[in-house]
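**Student:** Spelled out, the chains give:
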Amino acid sequence: MATEVDPTTAPAEMSGGSRPLPDDELVRMLHVLKLCRYFDERMEALYRQGRLPGAIYSGRGQEGTHVGVTWALRADDSLFPTHRDLTAQLTKGLDLKRVMAQFWGRIDGYTRGRDGNSHIGDWQGNKTFTVMSHLPIAYPVAVGAALAYKLKGEPNVALAICGDGSTSNGRWHEAINTSAIHRLPVVWVVNNNQFAYSTPNALEFPIPTIAERSVAYGIPGVRVDGGDVLEVFEAARAAIERARAGDGPTLIESVSLRWRGHAGHDPAKYMPDELLQDYMANHDPVRNLEDFLLAEGVVTENDVDALMERVEAEFEQGYEYALASPFPEPADATKGLWVEDGYWTSEPGRAGGTEA
Amino acid sequence: MATTVKLDAGAAGHGAEPRGKRDDDGQATYLIAIAEALWEEMERDERVYMLGEDIGAYGGAFKVTEGFLDRFGSGRVIDTPIAEETIVGMAVGSAMEGLRPVAEFQYADFMSSGFDSIATVLGRYHYRSGVPLPVVLRGPSGGYVRASSFHSVNPEPWFAYGGGIKIVAPAFPADAKGLMKSAVRDDNPVLYLEHKWIYRRIKETVPTDPDFLVPIGEAAVKREGTDVSIITSGALVHKSLEAAENLAQRGVSAEVVDLRTIVPIDEETVLNSIAKTSRALVVSESYRFVGIGAEVGATIAEKAFEHLDAPVTRLSPPNMPVPFSPTLEDAFLPQVADIERAVEELSAW
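Note that the protein sequences, when read in sequence, are chains A and B. Numbering follows numbering that gives the first Met the number 0, in which position 330 of the first sequence is assigned residue number 329; successive positions increment by one, without gaps. Numbering follows numbering that gives the first Met the number 0, in which position 11 of the second sequence is assigned residue number 10; successive positions increment by one, without gaps.
Bound conformation, chain B alone:
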C-alpha cells in the first residue's frame, strides 16, 4: 500500500538510472516510477525517443528525465524550442515514419498551446488514413499545489471530446509505471497525465519486471465498501481514500474506484461497483459542466438506473480558472471534508 512521504524528498540520489533513485527500502515515488518506465522502454525499444522543452541537460521541469541525456544521447532526448504545436507535429511525423515518440509538456496547461496539433492531427489522422500514430504526450496536470491558473489545469475534457486519443491519469506509483509502459507500447495516441500533487508525495513498492504492464482501459477498486461508491481519479483518489477512512470511523462504508484510464472509460468496473452500493458519488478534478464527472454520472444514470437508491451526485470544481491564494484554491477544489459530506448526504437516502 502506498504511503505518504515528505514533500521535499524529491528525486533523491544521483544514480543514472531512475531505479537507483528509489528509497533505501526499495519504494519508488510516483515520479520515479514514471521515470523508470520511460527508461526501461527506451532500453527495450530503440524506436522510442523523447522530445520536449528542457528535457535534456536540465532533466525536465520536474526532473522526470534527469540522467536520460547521458544515457541515451541527444538523438533520443531532444530539446525543442518553445513551440508546442511543433512538438506535437514532430511527434506525429516521426511516428508516421515508424518511431515511437514520447513528448513532454512542462505542464499539461501548455497542451493548449499545441491544441490544434493534438485535436486536429493526432486525434483525427488515423481514422482518415489508417496510419497508426504511436505517440505519447505526457505532462503534469492538476492543482492543490498553489500554482494558479496556468499551472493547475485538468485538461482531460479538452482532449476526451474529439475522440481518437486515449487518456490515462494514474494515481499510484505502480499504476503510473505500468500505464506508462502500456502507453509507450500502444499503437494509438495516448495522453498521459501525471498529477503533480502526487509526484513526490506518494511512494510504494513498484514492480521491477521490465514487462510489468497495467492495461489501458481498466479501472481499479482501491478500497472496498458497501454503502456508497466514489468514482474518481488522480489526486482525488488519495483524498477519497482519506475521506473513506474517516467515514469508516463513523460507520459509513465507502468504496473507492480509481478510473486510472479516462479514455476509454472502464464502464464495467464502475457499474459493478454501483450494483453493489446503489449510491454513486463522482469526484472529478475536471470542471463540473461538461467535465469527466458529468460523463461518468450520465453513464451511471443511463446504465445502472435500476440499482440506484439515490441521485447520482457530482463533486467537481466550477468552470472557472483555478485561483492562486490558498483560501481560494482550497474553496475551489474538492477537499476531503467535501467528499465526506457528500458521501454522508448520499448514504442518508
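Just chain A, same shape as in the assembly:
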C-alpha cells in the first residue's frame, strides 16, 4: 500500500519489480496510456489550429491516476469523473470514435450534441456520469448511487475522481461525510494536480496533504504517486474491494501535476518551470510504465513502436468518424427535456449535414 510521497523529488519507483497484473493486462494498460497521451496532444494541436470547436481540458501528466483507479473497477461499478478525466472514461470503455464525435458536436457523440468536449458520460453503457462543469456537484450523486447499491444489495462500487479544487468546496465535505456515516460503497480519489485553475495548493487548504482529511471522516486515507500507475492501481484496488466488502469509503490522494493550463486557452504562466520540468522528467506515468515493462521484459522496443502505430491509426479513425458524423437536426434542439417525448429512446434524426 502506498504511503507518503514527496511530490517534488525522487523519481517514481515502479512497484518494486513485482507485477500486480498479468502481462497481457499490463500491455493493454500501456496501450490505453499511450492512446490517452496521444489523444491529448493531438486534440490540443487541432484546437490551436482552429480545427476543433469548443474547449479542451488537458489531462496530460495525470493519466496514471485516471487509468490506475479506473482499471480496478468492474463493468457494473460506476465512475464519477471530471472534465479532466477523459482518460478514465476511455479506460472504463467509452468508444474513442464517439468521444471524438462529441468534441465536434455530432449526433454520434454520447450526448447527441447536447454537450461538448469532455463533458461526457455513458451511464447506460459504461456506467460513467455525464460530467458537469460544477465539478463538486457530482459527489453527492456518487453517494446516491452507492446508497442504491447498498439498499438493493448489489455488490457494486461508485468511484469518484475529484480535483484538489473540489476539496475546498462544501459539497465535497457533505458527500464524504454522508458516505462515511452510512459506510457506503464509494471510493474518493483526489487527483491532486496541485493547481485549481491558477490557484496553488497553498491557497486551497491549510494542511500538508489532502489524504489526512480522511481522519475527520473516520475513513482510511492514502497518498500515492500519480506518476506510478501501478501504485495508483493497487491503492484503488484495495479501496474498491474494501468498499465492496461493506467496509465503507476510502480517500485516495494521488499526487501529480497539471502539465498544461486549466483549459486550452490558458498558457499557465503561473506554473513554476522547475516544478513542471521535475514532473515531466520524473513523474511521467506513461513513460514510467513503458520503462518498467521494457525493463521487466514484458514488451520490446518493437512492441512499443507497434503500439504507437496502432494508437495513431485509432486516432485517425476517430477523427474521420467524427467529421463524417452528421450534426444534430436543429428541430431536435427542444426534444429530450422530458422522458415522455421519447427522444432518448428512439433513433435521433441524422439529416443535420456535416457542415455547420
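Hints in this document: simulated from the structure, not taken from any laboratory. Accuracy of the hints is not assured; some may be wrong.
Taking lysine-lysine and the DSSO-like style, the derived pairs with C-alpha atoms no more than 30 Å apart in a straight line are [said to hold, decoys possible]:
(1) A:K151 with B:K62
(2) A:K334 with A:K96
(3) A:K334 with B:K302
(4) B:K62 with A:K149
(5) B:K275 with B:K302
Being a predicted model, the structure only gives us computed values, none of them experimental.
Chain B: place on chain A using the hints.
**Tutor:** Just chain B now, kept in the frame of chain A:
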C-alpha cells in the same frame, strides 16, 4: 367540497397508517392526504424510498412522515445530515440506479441550500444524457403563517426558470393526494410544493382508490363564473374562493381557476376561462417581477388578446423578503379584500 377545520386539529390519532388519521367522518386534511399518497406509493412500489432531515423517528418537521419509519424501516426512510445539496444529489444518484426517491425539505425555503443540485443536476441531466430521473422533492411553501423570511418563501420561479423540473402546487386534499401519486410515478423530476397554510386547515373527502391519480399539467375550475377569471394556485385558491363568494353577494360573478400544476402550465384551461369571461386577474404568491403571475399574464395577453375586454391584471407580493409582524405580512401578501377590489376594478371595464 372542502371545509375549514380548526388550526389545532393536527394529525389526529396515532394509528400507523395515515388513513387511520382521518376524521371520524372520513375526511382527510391536506396533510393527511399527502401522507396517504406517500404511504400507498411506498406500499405499491418497493423502489420508492424517502430521505430527508428528521423524517424518521421524529416523523418530519410537520409530521407528514409520522409512522413511516416503523412501517418501512430505516432503509426506506432515511434520516440525513443537514446537507441539502447532498440530499438532492443522493436522490439523483439513487434514481440513476433505478430507485424512486422522495426527498423532504423541512421548508421549501431550504431548497435554496440545495439549489445547485436542483438547478444544475436535477433539471439538466436528462436532456444531456437521456437518463431518467424519477425524483420527487417535496416541502412546505408559502406564507400567511407568521413564519417570516426564511419559512414563507414561494420558490416556484427559482425552479420553473431552468426547465426540466415539473412543479406542482395543489390546494385541496384530494388534488394533493392524486398529484403526489402522479409525482411519484412520473419518470421526470417533480418539485411538489405543499402549502403549509393549507396543511391542517382544509379537509375534504379524499378518494381511497390506490390508483387515484390527478394528472400533472391539468388545471381545474374550482368555481364557475362569467364576469372575471381569477387564475391562481395554492393558498390563494382558497382566498380567491372566499373573495368570489363575497363578490357574488354583490352581483359579480368570478370564476376561479386553480392551476394545480405550475410546470407545465395548463394553458388550455386558462385560455378557455378567459374566452368565457374576457377579464383576467392573475393572483400569485410568487413575487410580481418575473413571478409565475407575470408568466401567466403574458401568456393570456399573447394568446387571448381577441377575448380581452380589460387589461390583464396581476396581484402578487413585491420582490422583497416576507416580513414577520402580522401587520406587515398582511400588507405584503394578497388578501381576500385585495382580490375583491381587483375583481371589481376589472369588472368595471
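**Student:** Given the hint that K334 (chain A) pairs with K302 (chain B), test it: the Cα-Cα distance must not exceed 30 Å.
**Tutor:** holds (23 Å)
**Student:** Holds or violated: are the alpha carbons of K275 (chain B) and K302 (chain B) at most 30 Å from each other?
**Tutor:** holds (14 Å)
**Student:** Are K334 (chain A) and K96 (chain A) close enough, with their CA atoms no more than 30 Å apart?
**Tutor:** Since the Cα atoms of K334 (chain A) and K96 (chain A) sit roughly 24 Å apart, the hinted pair holds (cutoff 30 Å).
**Student:** Would the pair K151 (chain A) and K62 (chain B) pass a check requiring their Cα atoms to be no farther apart than 30 Å?
**Tutor:** holds (27 Å)
**Student:** Would the hint linking K62 (chain B) and K149 (chain A) be met if the CA-CA limit is 30 Å?
**Tutor:** holds (27 Å)
Every hint from the earlier list agrees with this structure, and none is contradicted.
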